[in-house]
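First to last, the sequence lines map onto chains G and P.
Just so it is clear: in the first sequence, position 257 is 257 by the numbering used here, and no numbers are missing.
Just so it is clear: in the second sequence, position 198 is 198 by the numbering used here, and no numbers are missing.
These aren't lab readings, by the way, just hints derived from the structure by calculation.
C-beta atoms are modelled at their ideal positions from N, C-alpha and C, and glycine is treated no differently.
One or more of the hints may lead you astray.
To be verified - Residues from chain P that face chain G, not an exhaustive set, calculated with beta carbons under 7 Å: (1) 249; (2) 250; (3) 252; (4) 253; (5) 255; (6) 256; (7) 315.
To be verified - Reference listing, derived: stretches of chain G covered by chain P, where coverage requires no fewer than 3 residues with Cβ under 8 Å from a Cβ of chain P: (8) 74–81; (9) 85–92.
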Amino acid sequence: MANLRLENLSKRFSRRVWGVKKMDLLVNDKEFLVLLGPSGCGKTTTLRLVAGLEEATTGSIYIDDVDVTDFPPRKRDISMVFQSYAVWPHMRVYDNIAFALRFKKLSSDEIDRIVREVADMVKISNLLKRFPDQLSGGQRQRVALARALAVKPKIFLLDEPLSNLDAKLRVVMRTELKAIHQQTQATSIFVTHDQSEAMSMADRIVIMRDGEIVQIGSPDDVYFKSADVFVAGFIGTPPTNFFEVEVERTGGLVVLKNPFFTLRLDEKRSRLLDGYTKQKLTLGVRPEDIVITKRGEGLFDERVLVVEPQGSQQIVALKLDDKIVKLVSPRIPRVEPGESVSIAFNYERLHFFDIDTGRRV
Amino acid sequence: MKREVKRGIFRAAKTTTLYILVTGVAMIILFPIYFLVTMSFMSDFEMYNEWPLPLLPSFTMHFKIEKSDKGYLLYIYNRMDKKYLDVLNTDDREYMTSFIKRKTNCPISREKLNSILAEVDRGKTVEFKLRKNIVLNYSLFFRLKQDAWPALVRSIYTALATIGISLIIGGMGGYAFARYVFRGKNILKLSVLFVRMFPAVATAIPAAIILGNMGLYDRPIGLSFIYSIGSIGLTIWITASIFMSIPVELEEAAQIFGTSRLGAFWHVTMPLALPGLAACAMYAFIGSWNEYAQAIILTQFNPTFPVVVFEYVLGANGMEHLATAGGMILAIPAVIFYLFIRRYILRMWGGVRV
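Pulled out of the complex, with its shape left as it was, chain P reads as follows (with noise of 0.2 Å):
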């Protein structure tokens, strides 16, 4: 074979090889995502009876009653299995109503089962489909734990106060390790980073005993020291290198021209500052936000929005279709936050060239 030849096919096996592989990545990031998404939206009968998991979440449902020994038999339309399941057997029309409505999240009027099962009475099988309410998990998620508002408010409450924490004492303190001398300087500055060595859970015990002895277990304010004693470690790395990137002529020149050292520091010092420490809000946002370990111990009562999805997980009675619609409700706080910072992470004032 000529060599221009072989080495086109070479370069286009390489490409398409490439090509694969990154689709194969980002499919596995990407499907998890999906599937979070399509089953906040699927009713527990879609969740649990279909198997294996359909790709979309259905619009409609398709029911069948006939006439049985105990009254009525229901069957509900199995997508993947590609026929009628039986689920219920009852003369109890109450509880068929709002059976039909938990198992299937179709609401029924009770008019309406009544004439299907008047027909049902004359002899005949009835077959008929409903109309699912597609987001009745999101105000179910809410109504099944009455905490979960409240545990909302709590999470973005944290964040925020976390956020406050670390980058006022972060900043502070990268500041001191970018403009001054001291000793003990080197080494204090590699120990701001040894914090965050230690596991989480495991320090969230020993955690709880003090926020307990301090009065905060179980306030939203104590759970977000415990979360700041890693962002203030990495804040400061990060800001005390871009406050050495910020020359100090800057600050004195606004010393000179009527502010005091306070004064250069907000006028001049933070704005140059901002991209960095919007990128230290964001660390500090992310570590506080999504973290259910430390929160679970250190929360009984007052839980933060994780801990509450969390609860659906667990046990046999788990709803994790519930668990998925507080998962995307958790997801939007974050999008905005990030559609919000982003601004000043991507804001640069055309450098700082002196």
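One chain only, chain G, in its complex shape (with noise of 0.2 Å):
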């Protein structure tokens, strides 16, 4: 059993520069979970709170019900892949991976086994021999995640291991990872600012922004019933896009307005708006819940500003005042820029989100 638990944890570093503020989190057992979130929101302190590299200002930390706060990080039973690998130079791979094994008081025998397996798992084992300045990136990157799992840890922790990495090689470790994490059942707690990779990857993700966290959930969750218009923005490539709407009543029934476009809708959905009382609504969509048309049957006419091509798909930008709105559709039928396009909506895939705050209605 290997479940985190995070109680009012925060961490401040100067006067009014707070890290994270007052977070409770739960992470369980065998999950894969994955903080995600821009520059600067507190996804990185978070995660060196939880390996011991930064002191909590307050709040607690329980690994397994055992309170290592004050525990330094050799004490913690975690180990930790860093963003620069941070792989000894000076020693060989092999003693990379065992390092940590040795002052577990092991046998030479029963560490060189376990060193061995874990370099089959990561697929180094030709490399055991050569110092890291002999090795690529990705070989070193390797060795850090060979030299991780060798400790066999509670939690195991990621800091952005795949953002060194070329585009292909990223795409590869994930899937790698991944495979890992299925193996090894290993309780990880893995931090980007990548939203796909975090998509692809997660059990759970955690969005954090300023040092708080907007949304926790699976990434069907943050992705179809996002907490907020943050999250919408955040999640998705191309992103959601988003309308400033009226709101009007008719008859029990919600009309939206805009300049564009005047969007009824049904009964259920009306029923979705029913606490709202402010005039104004956020209205979000996203590019694959856009459709094209057959002229005079969409919510309304649109000339194509830009098409960029996706292989079997491609992406419309139309101009709508001084916005861009993106809607992604099947290759087949081409479009062309210039040509006008009719538009609808997906009813079943509209988010609101209220219009002063931003989370969702």
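Fit the two chains together into the complex; they arrive one by one in their own frames, and the hints show the way.
Right, dumping it as structure tokens:
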């Protein structure tokens, strides 16, 4: 069993700068949790607090219900993969991996067995005798990975480990990491700013901003049920399109009005806005939920600004006043810039957000 | 003249001038060392009576004895003047034996002298040559001053203590400057270098008073404290930049994988900083080993070796040839130290590329 609990955790850097603010989080056993957010949101600080490399200002950290808040890193039964790999250059790959094991008073046979086992897992068995400066970046990263796996920790921490790799290798390593996680079943916390990385790897995603948690949920949760405008705009490529609309109620049904279109909601969807009393609303629609329909059947017509072919799909950009709206449609039928198209929204996938707070309604 | 030819001559002239210049500089550096070596093998007679100084010490000396009014007249052959020089006129055979040994480093047995003098008595003028004990200067150095060998030990002790103090305190200081942010950091960093600006001899006298108050006057450990003052500053500067070049992540990783902060320093930072630390050790050693100005002031009955060498040079009865022998002896541990430390300075872990 290896679960992690953060209670009221915060970290202050100076009188006005709080890296992490009053955070509560529960990470389940065997879970692959991703901390996602823009730079400076506090995700790396949170990871370092869990690792013991930063001292908490308030709050507690529990690993398997043991209060480790005052423990130094080596007593917490964790391991970490750094963004810069932090592989020790003066030791061979074998010794890098065996470093932690030597402190555990294992026999050298046992150490050898474990080192070869993890080296096999990350496919660097033929590199054990080399020094890190004789390896490529990707190989060094695998060494860092093997080193962390060898310890068989309760919690596995990864600080943007794929950020320094080239794009192709990054995608390959994503799958490999996921496979390793399935094999080892280790509770893992993964920090990244790349939302596609988070979506593809996480069991649950924790979206952070300015030191606070904005939403916790599965990839589906944060994608289809984004908690607020920030999450909806952060997750998904191309990002969600937002429209400021006026709310009108006529006879129990809601009508959303906007200089470009008038959207009549059916009963089911109108009921979603029952408690909403404000005049205006932020409507969010994802690009794949905007469709090109036959002429005259859509909500509105508009001129195509730019088309970005993406293989079997195309991203079509429209200009509404000074805002760009993007939609994704199959490449066939092809759309040309300058063409006038009819646009409709998928009613099943409309997202309503409070005009002031941005939170989901 | 064609331009090609002109350029060729010009280049040849440039190269020749360069070689002459370099050779000249090399000679200026090498000749004193050469003379140091040769003088340490020369006897009193060669040093003071043979002028200009011969380029090579001799292995044999030539003598002549003839009958004189006081007894016997002893001549020694001067290589430079190319003639015999009369040096002693006496009857005392004991005195003559010791005189020959003292003046020319050539031991002569009483029997041999007696047989020679017997021949002189018969009216002949005897010319003979003796084998010189080429390394006599070295044993004389230690025999004439009983304190020489303990002084050498004291020098080694002082040097090691200076290295130890400088590396430990300076290393800790450098680490603090590299890893931590604190008030007054910039001013402090400049000021540690500031202490080296003072002339050593000027500060030695107040230093003597301070050491006396501490009870450390005339003790090697006190001397190494004073030597460490300058070394610590330099060590802090060098180690600060060395430690800054070692990424913190390496130490953090070590802490996660089983060490304490101190353990991380020992297992990760220090091995990577070893070339820099070795360079600092070398500076500390150099600052302490050859130093005699402060040592003269700060020691009295327990001098270090350079002081003893210097004592041979002092005064009208200075025996420089013994001093040069001492100089050679002084050089030996320095060479040994250098050969030892060289391995660490040249040791590279393939660079710290993360």
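A quick look at each hint next to the structure:
The interface hint given for residue 249 of chain P holds, since its Cβ lies 4 Å from the closest Cβ of chain G, which is under the 7 Å cut-off. Evaluation of the residue 250 of chain P hint against chain G yields a held restraint, the C-beta minimum of about 5 Å falling below 7 Å. Using the Cβ-Cβ criterion of 7 Å, the hint placing residue 252 of chain P at the interface with chain G is satisfied: the shortest such distance is roughly 5 Å. The interface hint given for residue 253 of chain P holds, since its Cβ lies 4 Å from the closest Cβ of chain G, which is under the 7 Å cut-off.
At about 5 Å, the closest approach between the beta carbon of residue 255 of chain P and any beta carbon in chain G falls short of 7 Å, and the interface hint on this residue holds. The interface hint given for residue 256 of chain P is met, as the beta carbon of that residue sits about 5 Å from the closest beta carbon of chain G, less than 7 Å. With its C-beta approaching chain G no nearer than about 55 Å, residue 315 of chain P sits outside the 7 Å limit, and its interface hint is violated. With 4 residues carrying a beta carbon less than 8 Å from a beta carbon of chain P, the region 74–81 of chain G meets the three-residue requirement, and the given coverage holds.
Given a C-beta distance limit of less than 8 Å, the hint that chain P covers the region 85–92 of chain G holds, as 6 residues qualify and 3 suffice.
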